[in-house]
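S.K.: If you want the building blocks of each chain, they are given just below.
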Amino acid sequence: MKRTVPLLIAMFAGIMLLASTFIPLTETWGETVTIWFDILAVGAFVLGGGNLLKIHLEKISSKRSGWAFSVVTLLAFVITLWVGLVQWGVNPPKLYPTHSWAGNYIEEGSGLFWIYDNVVYPLTATMFAMLAFYVASAAFRAFRAKNIEATLLLFTAFIVLLGRTYAGVFLTDWVPGFMAMITGMTPEHFNTMQLDELTGWIMNAPNKAGNRAITIGIALGVVSYSLKILMGVDRSYLGQD
Amino acid sequence: MKQSQLIWLLIFVVGGIFLAWRVSTTDMGRVWHHPERQIHQQNEDGSWSEVELSPSRKFDLHDDGDLEANQEGWNTWTVLKNRKGFNESFGTSLATAGMDPELVHDPVAAQAAIDGNPDMSDADREVLQSMALMSEDFILSPGRTFGLWLSAFFTLCIMSFLYKDNPFYKFAEAVVIGASAAYVMAVGFWTMLVKNLFSNLAPGLMRETFIPGLPEEIVFNGWYLVPALFTIFLLWRLMPMGGWISRWPLAFFIGITAGLRLIAFLEADFMAQISATMIPLWVSVQDAAGSMMLWDSVWASFTNIIIIVATMTGLVYFFFSVEHKGAVGGAARVGIWFLMITFGASFGYTVMGRIALLAERLQYLFGNWLHLTPPT
Amino acid sequence: MYEFLKNLDRRWIFLLMLLAVSFPILGRWSFPEKISPMVHDVFAAIEELPEGSKVLISFDYDPGSQGELQPMASAFTRHCAEKKFKMYFLCLWPLGEPMIEKSTNLLKKEYPDLKYGEDFMSFGFKAGGEGVIKVIVTNMRELIPTDQFGTGLDNIPMTKGIQNIQQMDLIINVSAGDPGTKQWVQFASTPYDLLTVSGCTGVQAPLLYPYIPKQLRGLLGAIKGAAEYEQAIDEHYPKIAAMPEAQEAKQRMGAQLVAHILMVILIIVGNIVYFVGRKRGDAR
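Protein sequences appear in the order of chains A, B and C.
So the first sequence is numbered by the numbering used here: it starts at 8 and just counts up by one.
So the second sequence is numbered by the numbering used here: it starts at 62 and just counts up by one.
So the third sequence is numbered by the numbering used here: it starts at 162 and just counts up by one.
For the record, the hints were derived by calculation from the structure and aren't laboratory data.
It cannot be assumed that every hint is accurate.
What the hints assert, rightly or not - Which chain C residues face chain B? A few, computed with CB under 10 Å, are given here:
| no. | residue |
| --- | --- |
| 1 | P185 |
| 2 | I186 |
| 3 | G442 |
Glycine included, every Cβ here is placed at the ideal spot set by N, Cα and C.
Produce the entire structure from the sequences given, and follow the hints as far as they go.
M.R.: See below:
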């Protein structure tokens, strides 16, 4: 029950999806189990919330350091969940005004929207914005041209950083004309010598190819790992006991 | 006093004085709304539709004894229209007409000034008058004004971490963890559990409560007991005993993910990529007259060769079953060079992305909160 | 000087970055944009479709990426509205529904003639990421029986005959990660040959180039891609060019320019410090 059943469930679910790809008759089976998967994804959201509650309640009860912030987390959690589930401030839908619970839960002006707009949005956005500072600090401290590989990386980053702003145009706009004057060819032949055009070429040739090698490598890894799971060779997801 | 305490004190004092000055001299940090009334009428077939009202009637909130709204079979809503930036555009229009933009704060005085301004065409006067009338209808929204300050406070709390870890940052971090987790749960409940799970297990109840528009062809579907049970099993993990049952839904999740990805990666990331790399080594670029353009042909061919060589050598670098010596070692070395160019490009793009995020946050603080620039 | 730079407190770098981004925003600096071939391809893919084409617009991002992606989401929406397409909004990220709301609010404000249900509609958020795409590409009704507001799809004029997303003429995806453009390519565009364009974050953009042009017609990479796309729209639609709110990405490029130059300077100075230190025998 603890190991064999889940193993069979994983094999059955995966093989049903594979079958639905190749056998038209089984296409709807594949759709059905995928919808179950989508619903279960929300189960994972709930599990995440439950885990959060458990961890912070334990922290508060054992008065571990920083427990006061756990109280803040729990308060934020409970208030947001309550506001969201009771649809605080949500109007009934225009088409069905007698159904007071049928409104849009995230309607502009509702409680949950207020929390989104004034709490979740600024906090999440600022957390990510902070990375601009750390990437600058890291560039100063760790980005060293120690060898040919690091120099290539650094040099490409320079071109892309300048080429993806107006700097690329104003620094090298003159180059094609100048080269045409020296060589007697038309300026279009030297367009790629402008930083913005060179950036486009780097993205479309070496970057595309490098990422393609990575993509193919990852694909092989994913395919072999998926096969291992479906054949029951890899059972690491079942844990130890 | 320690140096860090002095810096904090300085930031708070200077920031406080600046804020006090901005609040007292400008409209900063306040959110104004334009309430709009919507009226809906029940049709003969039982459905509801919005009654077309003239703009002035929509904005007419002062007449609470509105007869239309009290008729049987009518339903009224008051929708708060947020008009961010209205005062800025009104102020700009006033300034363009050679008037004091600060009049936006006093609509009555603004109307008098517009009436008394001789250097204005009738059309311009009409536009400005209508803006002044609208401005009069704005009401201060305490909820959103508080929200704006809270939002700015949280933004600064997070940014304070740049100086060093502090209780303000920890507080903001604690709030975002709790609020985000609960927000995602609420979203999941309304969008998937109600609309997909409950609607298949109790369609009648859902039609009467949460989803009156649920199509009639949706009837009880017993197969949906499976995801319902799996969800319960998954949550059983939180119980002190019998947590092993959560392996069943977990195994289902893993199995589906493996099944989905096996085909998708094989098709889109393996076969399609190999096919896309099978490109000609020589590309003949021709002009409109059909004659070959040598330089362009050489450049296009060079690009193709780079794509082929970089992909192949990159793959050789990732192939660890053979020792990287001799020709293989050489190819792997070329491969790593191309990969470094790839990582350099990724670094450049990552920096660009991060700075854009910071720019948006600063635009929010400078525009929406401090009103130093137009709001976003 | 060497000692000062070697032991430089990182907070000075933070301050420099703050100033580099703040000044261009406060000064409202902006610069001309030159449209790159990649952005031109995205613009052309949309521009060449006939009036009334069905377009699925999936906003797969959240506030953490809004600074990069909101300008291109708005630009895509305006372009589709100008082309009088039927717009079907969807999102695969739980915090993404308000992004749809932003676009529908934009349509209501700037295109009051367009009606919900006839010209645009929203499926809202659906959980499951790639699992959602896998289902709706063959059978939409089973997973999405109603729109975001609970109205049955048969009661909405523009979804009446829609059974799956293979009936769409174009998929536009604004993506911040997984699920996002990679999943749309893997589960929709590659197996069913659906015309797809994308706008994505800077982190993602280089990783998506291998799919171009066959699996993905074009890509707007980060804020620069959005700025160029705004420029392309401005050149074709003077009405939009006259709207300051439609130039959001272009306005941010001033801050990008100064901050990128700062980054280059920081890397150069950092390397000078490193090489001087190496010459002096400092272990670092």
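S.K.: Next step is simple, just say for each hint if it's right about the structure.
M.R.: Verification of the supplied hints:
1. Because the smallest distance between the Cβ of C/P185 and any Cβ of chain B comes to about 8 Å, under 10 Å, the interface hint for this residue holds.
2. With its C-beta approaching chain B no nearer than about 5 Å, C/I186 sits inside the 10 Å limit, and its interface hint holds.
3. Interface restraint check: C/G442 against chain B, minimum CB-CB distance 28 Å, threshold 10 Å, status violated.
Checked against the numbered hints listed earlier, the structure breaks hint 3 alone; every other hint is satisfied.
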